[in-house]
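J.: Below, each chain spelled out in residue letters.
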Amino acid sequence: MSCKICYEDDCVEIENADELFVALDLTPPEADGVILSQMGDKVFQLIRNDSEFLLILQKAFGTKGESKQPYLRCFGNNLGHGVTTGKTLSKALALLAEEEDQAYFLQTLGTEGLRRCITTVADIAEALEWLYGKEDELFLDLIGWDFIMRFIHSMETLGMVLKHLEKSEEAAALGKIGWPQVLDCMQTPADLTYAFSGLGQENVHALIEHLDARKLRQLIPVRQELSRISQRYLSNANALYLKERYDRLAEGGLS
Amino acid sequence: MGALRGMLGSKYRCIDAHLHVVDFLQDTKGLQHCLHYMDKGNISHASIFGLPVSKGWESWERHPPEYYLADDSKCYYYSAVDAFLAMELRALDPSQQARFFPMIGGFNPCDKFAYKHIERIIRYFPGIWHGVGEILFRHDDLTNLTYGDPSRCNHPAMDSIFDLCLEHEFPICIHQNITSVGTKTYPKWLHEVEETFNRHPKVQFVWAHCGISRGVYTPLYYQIVKRILEHYGNICVDLSWIVYDEFICPKGVLDDHWLELCEGYSDRVCIGTDVVNRFEYLPATIQKYDMFLDALSESAREDVAWKTAFRLYSPVRA
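Sequence lines, in order, name chains A and B. Just so you know, the numbering used here puts 111 at position 111 of the first sequence, and the rest follows in order with no gaps. Just so you know, the numbering used here puts 196 at position 196 of the second sequence, and the rest follows in order with no gaps.
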């Protein structure tokens, strides 16, 4: 399998992704689109796996500040052939960097393509690391919270996802997950500290509001822990609020 | 000429006098793959090196490095490279083997026992070695990223290596920067090179890249190289890597002084790609010398493209 490409006075046969990389390297960055567009569907006959896809992506995306969508369009609907793992997904998002390009990339991969890349909560977190603003939301909507929650069984794992969201998005995400499921993630004192350290103070307030007597006893088994946790993780207002609820709901059953 | 012309290779039959068949992770795409691109590049033979160091993947790095400069992980000496090189070579048929001039290089040049490594490699893989190299001495960031003392060509441990080279008539290819990246006002490390050349006048040295590396500059550079060639008859130079792009043909314009120098000393000058396992770059990298070879006399061109390297490296010596 080879593909003929021409630029200025020369034509060469390209046999594989490595040679395509050399061609892109020898020609100026503004020629990348010209070269890739000559290949059409054959691009994914030359680029056979994730590492080859990233190789080309790194070279083709050496252009500074320009839209990378023309390059992505060269890959067309075959993008999923070169993006099959969480590592590739996060590296590609890092390389794309521009929000519009990331949005185009995510939409082209779609729900099915994105879900296929994700096997652990770390895959989700590492993708979110490179997404900001609306693209966070787009990514989460595309993969869906029902899918995300399959990987989340503790506040540590939930925190890995939430820490990459802006505070306003965090509240919306908690709303979509639902407080019952959030509380299900909180089974140990360590879960409580993950929640208090990871969530914004407004959402911490909302969380305290949802802790009933049984849950408070489960998460803060002794009163000495209450002051330590409050001092380390909570605002004054939230510390007072937690103490008030603890005194009222939990204290009766504790020594 | 268009930018893609390089992928078609050189119009002159060449010897690549400086080719690494493994990368800094000690991976190789294999010599068959290498031969495929040598053919495309019009490269008849190649002097092949491993790399004496391997880049580690340290605990603090989430992603593996791909190059020695990729992160702060250190490099360490990796002697197995010579055995791997020998096994790769033995897997070829004899006519293919004859196109490669393999060199021994997997040792720590600051270890006074290093000569024993060469002896062992010759004992276990006899009859295939053409020389020693590329030995990495003063090499900017790579030196700083390698465990152990900074290596230098006048290190006492090297004396026994040079003696061994003389015994076997091995040419030895050395990488020693003429100065440090941070000292651009005088050739800080030239005295180490000259001390070595003086102390071992019968050893055949090849000074890789004429002592230049990324970010290295010294005043009076071409004059220094000319004096070295005049003064030390046992020195050859290879024009591989960035010395060509930055000094001999900067911004695509040939430097007349270098041209004159290479014309005059053509029997001691050779060209190389310094490709590191990415063999697909061989055609374009060797082709860049066409412009330089065009400008030489026919006799000098033959020397630089082919004869010097063939004389230096082609005999099997141990």
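Just to be clear, a hint being listed does not mean it is correct.
Label pairs and their computed distance ranges (CB to CB) [claimed, not checked]:
#1 B:Gln97 / A:Glu100: 52 to 60 Å
#2 B:Pro64 / A:Tyr132: 25 to 33 Å
#3 A:Pro29 / B:Arg90: 39 to 47 Å
As a list, the in silico SDA-like pairs of lysine to any residue whose alpha-carbon atoms are at most 25 Å apart [claimed, not checked]:
#4 B:Lys112 / B:Glu192
#5 B:Lys288 / A:Asp18
#6 B:Lys29 / A:Asn49
#7 A:Lys134 / A:Gly110
#8 B:Lys40 / A:Lys215
#9 A:Lys163 / B:Glu192
#10 B:Lys11 / A:Lys134
#11 B:Lys288 / A:Val34
#12 B:Lys251 / A:Pro29
#13 A:Lys87 / B:Glu192
#14 B:Lys29 / A:Asp50
#15 B:Lys11 / A:Asp50
#16 A:Lys215 / A:Gln201
#17 A:Lys87 / B:Lys11
#18 A:Lys59 / B:Lys112
#19 A:Lys4 / B:Lys251
Keep in mind that the hints were calculated from the coordinates and are not lab data. Note that the Cβ used here is the ideal one computed from N, Cα and C, for glycine as well.
J.: All hints are to be evaluated individually against the structure, with a verdict given for each.
T.: Each hint tested on the structure:
1. B:Gln97 / A:Glu100: 52 to 60 Å: holds (54 Å)
2. B:Pro64 / A:Tyr132: 25 to 33 Å: holds (26 Å)
3. A:Pro29 / B:Arg90: 39 to 47 Å: holds (43 Å)
4. B:Lys112 / B:Glu192: holds (18 Å)
5. B:Lys288 / A:Asp18: Since the Cα atoms of Lys288 (chain B) and Asp18 (chain A) sit roughly 19 Å apart, the hinted pair holds (cutoff 25 Å).
6. B:Lys29 / A:Asn49: holds (17 Å)
7. A:Lys134 / A:Gly110: holds (16 Å)
8. B:Lys40 / A:Lys215: Violated, at about 71 Å.
9. A:Lys163 / B:Glu192: violated (54 Å)
10. B:Lys11 / A:Lys134: violated (54 Å)
11. B:Lys288 / A:Val34: holds (23 Å)
12. B:Lys251 / A:Pro29: holds (17 Å)
13. A:Lys87 / B:Glu192: Outside the cut-off at roughly 46 Å; violated.
14. B:Lys29 / A:Asp50: holds (18 Å)
15. B:Lys11 / A:Asp50: This hinted pair is violated, its Cα atoms lying about 36 Å apart.
16. A:Lys215 / A:Gln201: Given pair Lys215 (chain A), Gln201 (chain A) holds - Cα atoms ~19 Å apart, limit 25 Å.
17. A:Lys87 / B:Lys11: violated (42 Å)
18. A:Lys59 / B:Lys112: With a Cα-Cα distance of about 44 Å, the restraint between Lys59 (chain A) and Lys112 (chain B) is violated, given a limit of 25 Å.
19. A:Lys4 / B:Lys251: violated (29 Å)
Hints 8, 9, 10, 13, 15, 17, 18 and 19 from the earlier list are contradicted by this structure; the remaining hints agree with it.
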